[in-house]
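Participant: Residues per chain, in single letters:
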Amino acid sequence: LAKTTQPISMDSYEGQEVNITCSHNNIATNDYITWYQQFPSQGPRFIIQGYKTKVTNEVASLFIPADRKSSTLSLPRVSLSDTAVYYCLVGDDDNTDKLIFGTGTRLQVFP
Amino acid sequence: EAGVTQFPSHSVIEKGQTVTLRCDPISGHDNLYWYRRVMGKEIKFLLHFVKESKQDESGMPNNRFLAERTGGTYSTLKVQPAELEDSGVYFCASSQDWSGGFNTDTQYFGPGTRLTVL
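Which chain is which? The protein sequence lines are A and B, in order.
Its first residue numbered 67, the first sequence is counted upward by one per residue in our numbering.
Its first residue numbered 3, the second sequence is counted upward by one per residue in our numbering.
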């Protein structure tokens, strides 16, 4: 079973900041939090990964509170090309590297 | 640097036939994973190779599925005989180092092979 919960869908407009929050109440001590983006007819694409506090790269920021039971992916100034499904993933209980995908959040960006 | 490639991009076969999917990981990546998404469902893990060895095959649905990674480079996933419920998109991913289960190494996905079983 997926260990994360995120909204099924979100709508936004070009130029806005989008924040997608993911709940992972049972995250293990060793687990990192990873976000992937997927466009139709493509494989998932890594966006960002973090363990605690804040991580920022050229694409997004990831905010993780101290208890690590949730995380928020922040996309600054989205464009139409950011329309995609965004997956929040955490590690698996049995210490393997396999990714467990949930339903993801379908982000639709409007002009 | 070339990404993960998969062949074919699409395959349409009849029930009972055999299909072989191929994945070429990023050069130098020890880890190779297979995932699939069947219609309307979430992406599910199938198995994980570390070099040529199967590290985890807990997600393989049944013995009609056979994965190999001879020489620790490319991998094949054979479905024999194919059934209707095998239809879906099969993704391959690779990552560089075996992290011992701490899920830190980025997995890079290929574009997937869309398999349709009629």
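Source of the hints: derived by calculation from the structure; they are not laboratory data.
Wrong hints could be hidden among the right ones.
Result set (DSS-like, lysine-lysine): computed pairs, CA atoms no more than 27 Å apart in a straight line [to be verified]: (1) A/135 / B/56; (2) B/56 / A/69; (3) B/46 / A/69; (4) A/69 / B/17; (5) B/43 / A/135.
Participant: Evaluate each hint against the coordinates.
Facilitator: So, going through the hints one by one against the coordinates:
1. Straight-line distance between C-alpha atoms of residue 135 of chain A and residue 56 of chain B comes to about 32 Å, which puts the hinted pair past the 27 Å bound.
2. A C-alpha spacing of about 25 Å is found between residue 56 of chain B and residue 69 of chain A, which places the hinted pair at or below 27 Å, so the restraint holds.
3. The straight-line distance between the Cα atoms of residue 46 of chain B and residue 69 of chain A is roughly 13 Å, inside the 27 Å bound, and the hint therefore holds.
4. With a C-alpha separation of about 34 Å, the suggested pair residue 69 of chain A and residue 17 of chain B falls outside the 27 Å cut-off, and the hint is violated.
5. For the hint linking residue 43 of chain B to residue 135 of chain A, the alpha-carbon distance of about 25 Å falls within 27 Å, and the restraint holds.
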